[in-house]
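Okay, here's what each chain looks like letter by letter:
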Amino acid sequence: MALTVGELARALGGEVQGDKSVAVTGVSSIYDPIPGTLTLAAEKKYLKYLRQTTASCVIIGKDLDLGAVRVKPGVSIIRVRDPVSAFEKAVQMILPSPVKYRRGIHKTAVISKTAKLGKNILIGPHCVLEDFSEVRNGSVLIAGVYVGRQSRIGTDCLIYPNVTIRERVTIGDRVIIHSGSVLGSDGFGYRQEGTRHIKIPQLGTVEIADDVEIGACVTIDRARFARTFIGSGTKIDNLVHIAHNVVAGSDCLIIAQVGVAGSTKIGKDSIIAGQAGIDGHLELGESVRVAGKSGVTGDVPSGETVAGYPAQPHIREKRCRAAVRRLPELLPKVKELEERLSALEKTAKNYSKRVHRRGKRSSHR
Amino acid sequence: MALTVGELARALGGEVQGDKSVAVTGVSSIYDPIPGTLTLAAEKKYLKYLRQTTASCVIIGKDLDLGAVRVKPGVSIIRVRDPVSAFEKAVQMILPSPVKYRRGIHKTAVISKTAKLGKNILIGPHCVLEDFSEVRNGSVLIAGVYVGRQSRIGTDCLIYPNVTIRERVTIGDRVIIHSGSVLGSDGFGYRQEGTRHIKIPQLGTVEIADDVEIGACVTIDRARFARTFIGSGTKIDNLVHIAHNVVAGSDCLIIAQVGVAGSTKIGKDSIIAGQAGIDGHLELGESVRVAGKSGVTGDVPSGETVAGYPAQPHIREKRCRAAVRRLPELLPKVKELEERLSALEKTAKNYSKRVHRRGKRSSHR
Amino acid sequence: MALTVGELARALGGEVQGDKSVAVTGVSSIYDPIPGTLTLAAEKKYLKYLRQTTASCVIIGKDLDLGAVRVKPGVSIIRVRDPVSAFEKAVQMILPSPVKYRRGIHKTAVISKTAKLGKNILIGPHCVLEDFSEVRNGSVLIAGVYVGRQSRIGTDCLIYPNVTIRERVTIGDRVIIHSGSVLGSDGFGYRQEGTRHIKIPQLGTVEIADDVEIGACVTIDRARFARTFIGSGTKIDNLVHIAHNVVAGSDCLIIAQVGVAGSTKIGKDSIIAGQAGIDGHLELGESVRVAGKSGVTGDVPSGETVAGYPAQPHIREKRCRAAVRRLPELLPKVKELEERLSALEKTAKNYSKRVHRRGKRSSHR
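Residue numbers (the numbering used here), protein chains in the order written: chain R, 1 to 365; chain V, 366 to 730; chain F, 731 to 1095.
Hints listed in this document are in silico derivations from the structure and should not be mistaken for laboratory results.
What you were told as hints is all true, and nothing was included just to trick you.
Pairs of lysine-lysine, DSBU-like flavour, derived with a Cα cap of 35 Å:
#1 Lys484/V <-> Lys199/R
#2 Lys633/V <-> Lys199/R
#3 Lys199/R <-> Lys268/R
#4 Lys630/V <-> Lys1048/F
#5 Lys1065/F <-> Lys1076/F
#6 Lys318/R <-> Lys44/R
#7 Lys1063/F <-> Lys718/V
#8 Lys465/V <-> Lys484/V
#9 Lys714/V <-> Lys1065/F
#10 Lys995/F <-> Lys45/R
#11 Lys89/R <-> Lys48/R
#12 Lys929/F <-> Lys100/R
#13 Lys413/V <-> Lys427/V
#14 Lys413/V <-> Lys199/R
#15 Lys20/R <-> Lys45/R
#16 Lys630/V <-> Lys774/F
#17 Lys714/V <-> Lys335/R
#18 Lys849/F <-> Lys481/V
#19 Lys819/F <-> Lys481/V
As the structure is a prediction and not an experimental result, all values here were calculated from the model.
Build the full structure now, drawing on both the sequences and the hints.
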């Protein structure tokens, strides 16, 4: 919704410096300002961006001293007591509210007669619900979502378009799954017969607990015979791979492009940073931190922060990396030391001879 | 299917220790036990998990000595001669069998009149078959699968929901493709005109040989003018990227999140471990092993195992890594050596003066 | 289209050595030759492949000296002045031209009455256009494409099957988006309440400028309140992750499996190589180069090439890596130096005693 600077200031209880009649039609970041928008300079360090900003209006703290910064002429300023809260309020006034999805069963959805449907749900266009699948009260499947045989989606879930949920997958309540993700694909399991890889049937399933959020294009494989499990409240970012029989505890954060190999256990409250890889059959304790791009090849005790590949305690890895940085100077230094040492050895040998000779001379005297 | 411990033991030819009347309704992993399920302790090292297990029944070997391990009270034990085989048999009795997909053409599928359809196939809901595409006998396209113009899917293939197969892609027999995967997307090819990147048409194709399995959200780009090729029996895990003109031999394993850049050749029987990256225009021989997270920047001879970035022979990489681990202690050591050397040099200089002086004194005498 | 070698040579103005009547039905790479096809040996270094090629015909330069290379008997050669251009011309004659998509609205597409449709567009099977969405003149949505509420697709775009474009996303003109990609998924943003992660609403959007190409299974998250932005002419390869509020300049190349964390800015004309990861809230200048697999943890000035993790100037990283390669020999060398030094120190001490004693003797005299 478009508002004038004056209207905004009034709603936020702020004071305007500059033109009150300027229209604000959107919101932009202080780093990426856009004409016609409102932006925020929450702290002193952001003030420098105001010299050249193309935003039309900026919220800053009541008492923030502009110092030497001259805000670009034409930019209106709204001064408020709590700029972060005021900005969040302004965002809600200016931006359209999140989409409210209609409820109902779209006529193009293909739903088995044996599927069980709750109340107040949306089964959007081109969704498919196979035999004995279930969608509980309040859940929304926007479009093109596939739900396999005997799979169950809990209450108040939000499943974005083009998600695939294979057979016998169980999804808890208030789970959000973003587009392109795949739950219940076969685990990567083969046995060797000569040079051929013979598929081991993946008969297990995937279980997603309550309040989990799964990003876009995430793949979570079904277990060989038991379950792959994501604990309640755990949040998974985009393009993450979770292999068969992985068990992730509750309230973990698994950042983008992480891969977790088969049968590994991750304790609750852990954070696995982006592009890290975790080997199979490992046990990571609770509140573990794995740094970005790490490769974890051994168990990690609770509370530990690990980094590097193979991952080791973070502090140690930092020291190793710092040492590597100094290596190019170390090599010639060692060479120099060797040369000096050789020279000294030679000298010592010469002395030795002379001293020996003189010693002999002395003793002859 | 639910069975009692007694029924299971009878079917497996095993002997029960504990309550035969307990019901078993599922299967769980020794690492992630679930009440009401059967689990397996195939080897001695797994026995420790039985102290606290919440599973209801465990299969162990006839002669496996429990030693000091006291299995949690209330857990029934079935003793059998071959615990792994018995467990696999039990899994098949307890777990529902894999989904058997119906055959037929769903009324919501959109199929060109020029498409060629074999016998005993499933073209599921919302599939699209473009002009001159072909699906041969026995193949199953579950739902939402797109098959482009002139593409061909061989016999007895299994294509999971929401797979995209672009035009002129050829897929062999008994190929499995998991959800979200894309075959035949354009190769990433541009020529530079000033600062602009001008698209080079990608006119080639993708060819998948027999018995290949492709994981979820895998991308295999079409060749510039020839083909991108995946050899027979090769298995590709989730979220793998195969660039244009890559040629992978037969019976390879390409683990999750690997990326292979353009025109690289991988010999048969090779294993590329997770999150490895392989540069373009390289030649990897047969039976090559690439360790996880490696970055391969040069050709790899047959039979070689490489690791690290840039990848080098595995043994050498291990030695380098071990050396890096000791670096933080090496730097102060070298500093100490230098100090000691300097001290010694100083001493030597002093001696030299004294000896010289004395030498002179001696000769004066 | 099948042509004989003679027909090809005539069309290309080339001279045939060998059988003119051989039929050419396809094109193959010099690395991956296929019977019945034409291939190219553009430079001397490719000639060696002709000894064993299974291709039927090869184009080579008029004056290229075969030297000691004996082309496999039965392979026809076409000699031309400019082999690369001739080959490209031949490719266009032999290979089917790119698919020309029909225009129109498919009856299975689900289109809101409030959606705005341009002229000469294709809305293919099973596409969904939500309320107030817009597709401008000449754009093609092949199949299974979801376009959210108030999203806009510019003119002459090509959106491949099974792409998801969430609400309020803006896409410029001549943009190509490959299958499986997701634009506008929620940014990965949570605030902590005790151990729970509470979702921060992601109210912003994604803006894609003109002439952008986005690969398969790419995820571009919507901003928290402003926009995630991809500049004009930028090309993104497969399986790339772009987090919320990222701003990428124009004419960048972002290669496969790269991940860019939230709020990072990438200047124009930059190249981010495969599997690199870039931390959040960073500023990369213009014409930056990031080497493959790098992990960028700090700002990068314009024109800089960085590599490694944490990324540093490329030249420095190369020196560090080279030094690491020599580490296994350095450690024993340092040990050896220490032993030699200790020996020398011992000798020096002995001399010192002798000299001291002798000195005393001398002074006693």
